Amino acid sequence: MTTLAPPVARVRKSASSSGGRSGSVTWMALPALLMFIAFGVVPLVGVLALSFTTWDGIGTIKPSGLTSWKATLSDPGLPHALWVTFLIMALSWAVQTPLSILIGVFLAARKRYRGFLAVLYFIPLLLSSAAISITYKALLDPNFGLGAGLGIPLLTQDWLGRGNLALGVVIFVVSWQFIPFHSLIYQGAVRQIPTSMYEAAQIDGAGRFRSFISITLPQLKYTIITSSTLMVVGSLTFFDLIYVLTAGGPGDATRVLALDMYITGFQASLMGPASAIAVILVLVGLALALVLRRIGGGSNSQSQLEGA
Amino acid sequence: MKRSPISRRNFLTLAGGTTAAAALAACGSSGPGTSEGGGSASGAATYWSLSGPPGEEIRKAAVERFNKANPDSKITPTFFQNDAYKQKIKTSIGAAQGPTMIWGWGGGGLKSYVDANQVEDLTDWFSQNAAVKDKIFPSSFGAATVNGKIYAMPIETVQPIVLFYNKKVFEKVGVQPPKTWNDIMALVPQFNSKGIAPFSLGGQSRWTNMMWLEFLLDRQAGSAVFDNVFAGKAGAWSDPAVLDMLTKVQTLVKENGFIKGFSSITADSNADQALLYTGKAAMMLHGSWSYGIQASEGGDFVKSGGLGYMNFPTIEGGKGDPSNTVGNPGQYLSISSKATPEAKETAKKFFSTTLVDDAEVEGWIKSGGVPIIKGSDAKLGASPDAEFLKFVYDTSANAKVFAQSWDQALSPTAAETLLENIAKLFQLQITPQQWVDSMNGVIGK
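Protein chains in written order, with the working numbering: chain F, 1 to 308; chain S, 1 to 445.
These are computed hints drawn from the structure, not numbers from a lab.
Only a predicted model underlies this, so the values are computations on that prediction, with no experimental measurement involved.
Mixed in with the good hints, there may be bad ones.
25 Å max Cα-Cα, derived SDA-like pairs, lysine to any residue [to be verified]: (1) LYS445/S to THR53/F; (2) LYS400/S to LYS280/S; (3) LYS445/S to GLY65/F; (4) LYS260/S to ALA148/F; (5) LYS172/S to GLY151/F; (6) LYS172/S to PRO142/F; (7) LYS221/F to VAL105/F; (8) LYS194/S to GLY149/F; (9) LYS254/S to SER74/F; (10) LYS348/S to ASP72/S; (11) LYS133/S to ALA378/S; (12) LYS280/S to GLN157/F; (13) LYS424/S to LEU165/F; (14) LYS445/S to PRO76/F; (15) LYS68/S to PRO54/S; (16) LYS60/S to LYS424/S; (17) LYS260/S to LEU165/F; (18) LYS379/S to GLU362/S; (19) LYS179/S to LYS68/S; (20) LYS445/S to SER74/F; (21) LYS60/S to LEU380/S.
Start from the sequences, fold in the hints, and give me the full structure.
And the structure:
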């Protein structure tokens with residue numbers, strides 16, 4: 001399901017480029033379109049078809065109507081997985097957005113040592129999710145981890161062994177990994193705000209805090225929406241990180257929809273219900289992307305620099 | 001049975017093709033590469049199995065011996081991490097990209113291959129090659145048999161589950177190893193008051209928790225209850241002994257019988273075993289393979305006689321035979337029905353020669369395992385771990401019932417529900433009654 005985000009972005013691109021242009025450049029979209037059809041649409045249709053069958057992954061695929069859908073929708077695990085997914089989505093958004101904006105604004109100032117810091121901040125993004133998870137798992141081990149090693153009782157919690165704590169750890173690790181990326185987006189956006197606006201504000205007697213609230217934040221509106229879309233839709237695909245860190249546990253405390261799909265399909269050999277979950281995942285992702293686009297007013301092409 | 005929680009999604013590089021596989025094999029690398037499905041012409045066969053010590057070395061050595069003796073029909077082995085392998089092999093077989101020889105755990109997993117006509121029926125071959133069959137423990141064939149026919153050759157070692165304990169910790173606290181369930185419950189507060197966890201447990205791996213249920217149910221009510229589940233009888237989990245067993249487990253959890261944070265410890269990082277040999281925990285229920293790991297990683301813990309072991313204690317008033325054990329009665333090698341006739345011949349030759357030869361037996365003994373070859377106990381004496389190996393041999397040979405691990409015996413679907421509910425049970429997230437209800441729901445599936 002990692003193919004979720006790109007299609008959304010691509011739809012947006014083609015929509016904005018086709019408007020007002022002549023047909024002669026349409027063919028330029030062809031390679032991307034072909035890739036999208038081959039690796040996005042075709043598998044999606046395949047999954048949709050599979051969700052109306054019974055298949056254990058090895059034997060023959062038997063059509064079975066709505067059996068898989070009934071099993072999936074009546075499974076109490078589904079609402080739970082949806083709830084956990086949305087909880088992680090909302091909380092990781094709430095943690096990442098303010099921190100990313102602040103770091104982005106901080107890094108946008110053109111000073112030499114900040115360029116150096118920007119490189120440091122960027123390191124987590126260079127690591128693979130699996131490596132990050134394994135490292136955190138080792139650090140948080142209650143018996144051999146950081147807390148036990150340094151003898152700090154506060155750190156020797158059963159971090160990944162209690163439902164709420166484990167959820168918190170997942171959100172922390174996700175934020176740690178992705179804040180650098182979103183900071184980069186904000187850094188770029190802040191640098192595009194004309195300095196004349198700040199100069200005007202200064203003349204009017206606005207302090208730093210006031211200019212941040214009244215100029216920087218409003219000017220970042222569309223960047224916030226872009227970054228939020230990436231965060232929200234991206235959070236649907238947190239799989240590798242959670243799978244390695246907690247394997248969905250303790251119990252099913254961190255079993256998000258993507259993980260639920262994987263476990264149902266590849267561990268329990270129920271490809272039909274797993275495909276049904278996959279379809280639900282796609283629908284949720286599309287709905288969220290649409291909602292966020294609505295919030296953005298659907299008018300991204302219009303100038304953000306009014307009054308400049 | 002031993003599984004890694006670590007995701008290795010991109011094991012099989014898409015690029016490469018056969019040249020990469022050949023190159024990898026040529027450097028003797030253990031890294032997995034691509035390999036052509038089902039083996040190609042002139043009797044070349046492929047063999048997929050598990051990576052990691054001690055098994056990988058021994059498997060590699062076996063293939064090398066065979067290839068040296070049969071230069072015309074080479075076997076190309078590929079090794080995978082435990083958990084990655086379980087999913088990889090299933091998807092590959094489903095996509096007709098599987099190897100000639102399929103390594104597995106028998107039981108429910110093997111049955112799903114049989115149902116899909118993916119593995120060769122070896123019944124006739126074994127009756128023609130009775131000499132090979134006679135070399136192997138008869139009890140190992142149970143998990144290789146589906147609907148009365150043999151679909152896999154039992155190989156490698158018998159691995160009963162053993163109760164390990166740290167003798168040094170017992171001496172320090174001044175207590176005796178438990179003989180009964182009441183002894184265990186009495187030991188729990190004694191260890192806890194000294195700041196030592198009574199039991200180590202790698203709970204995130206889930207099958208580690210399952211071993212407790214297997215033994216408690218067997219000691220309480222014998223093997224009949226799970227036999228009914230296995231046979232698919234409706235409501236088989238509703239036996240009162242099951243509720244009793246589940247309540248006992250939850251009591252042990254509530255009284256802090258298991259180490260703090262057990263549900264975030266995985267068995268494959270060997271952290272649970274480290275807790276035992278470092279003296280942070282007093283006892284641990286684990287597969288017999290753990291002995292080799294503790295011997296190699298625990299410094300002089302095993303050599304200096306720090307490690308104690310026994311079969312699981314009895315339960316007061318329990319009906320189960322105290323000699324019964326559970327675990328892996330063997331590992332299993334099947335032949336893909338989609339392989340070429342030449343590749344199948346190569347595989348059968350590998351079965352009847354290399355896999356039952358003396359070098360194979362010696363290799364496994366040296367690694368601290370008991371081979372499934374009859375009479376291998378005569379060779380155990382020479383090993384530095386003779387005492388433990390003799391114990392494992394006797395436990396396996398004297399067991400009235402050597403039950404296969406539940407998650408391997410059941411179908412993958414039922415096994416996943418089982419493991420999921422066991423994890424919730426240990427988390428005190430569900431009651432014993434809820435456990436019974438959800439497990440009854442997947443009987444026979």
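Status of each hint after checking the structure:
1. For a cut-off of 25 Å, the pair hint linking LYS445/S to THR53/F stands: about 16 Å separates their Cα positions.
2. Of the pairs offered as hints, the one joining LYS400/S and LYS280/S is violated, with about 34 Å between alpha carbons and a cut-off of 25 Å exceeded.
3. Between the alpha carbons of LYS445/S and GLY65/F the distance comes to roughly 19 Å, so the proposed pair stays at or under 25 Å and holds.
4. About 12 Å separates the Cα atoms of LYS260/S and ALA148/F, which keeps this hinted pair within 25 Å; it holds.
5. Restraint check for LYS172/S and GLY151/F: the C-alpha separation of about 23 Å stays at or below 25 Å, so the hint holds.
6. Among the hinted pairs, LYS172/S with PRO142/F is consistent with the structure: their alpha-carbon atoms are about 24 Å apart, no more than 25 Å.
7. Distance restraint check for LYS221/F and VAL105/F: the Cα-Cα separation of roughly 14 Å lies within the 25 Å cut-off, and the hinted pair is therefore satisfied.
8. Using a Cα cut-off of 25 Å, the hinted pair LYS194/S and GLY149/F holds, with the two alpha carbons roughly 20 Å apart.
9. Taken as a hint, the LYS254/S and SER74/F pair is broken in the structure, with Cα atoms around 32 Å apart against an allowance of 25 Å.
10. Using a Cα cut-off of 25 Å, the hinted pair LYS348/S and ASP72/S holds, with the two alpha carbons roughly 15 Å apart.
11. As the CA atoms of LYS133/S and ALA378/S are separated by approximately 19 Å, the hinted pair is consistent with the 25 Å bound.
12. Between LYS280/S and GLN157/F the CA atoms are separated by roughly 16 Å; this keeps the pair inside 25 Å, and the hint holds.
13. Among the hinted pairs, LYS424/S with LEU165/F is consistent with the structure: their alpha-carbon atoms are about 16 Å apart, no more than 25 Å.
14. Straight-line distance between C-alpha atoms of LYS445/S and PRO76/F comes to about 18 Å, which keeps the hinted pair within the 25 Å bound.
15. For the hint pairing LYS68/S with PRO54/S, the CA-to-CA distance comes to about 22 Å; that is within 25 Å, so the pair holds.
16. For the hint linking LYS60/S to LYS424/S, the alpha-carbon distance of about 39 Å lies beyond 25 Å, and the restraint is violated.
17. A distance of roughly 14 Å separates the Cα atoms of LYS260/S and LEU165/F; the hinted pair therefore holds under the 25 Å criterion.
18. Restraint check for LYS379/S and GLU362/S: the C-alpha separation of about 8 Å stays at or below 25 Å, so the hint holds.
19. Of the supplied pair hints, the one linking LYS179/S and LYS68/S is violated, its CA atoms being roughly 51 Å apart against a limit of 25 Å.
20. Annotation: proposed proximity of LYS445/S to SER74/F holds, straight-line Cα distance about 17 Å (limit 25 Å).
21. Pair hint LYS60/S plus LEU380/S holds up; C-alpha atoms about 22 Å apart against a cutoff of 25 Å.
Checked against the numbered hints given earlier, this structure breaks hints 2, 9, 16, 19; the rest are met.
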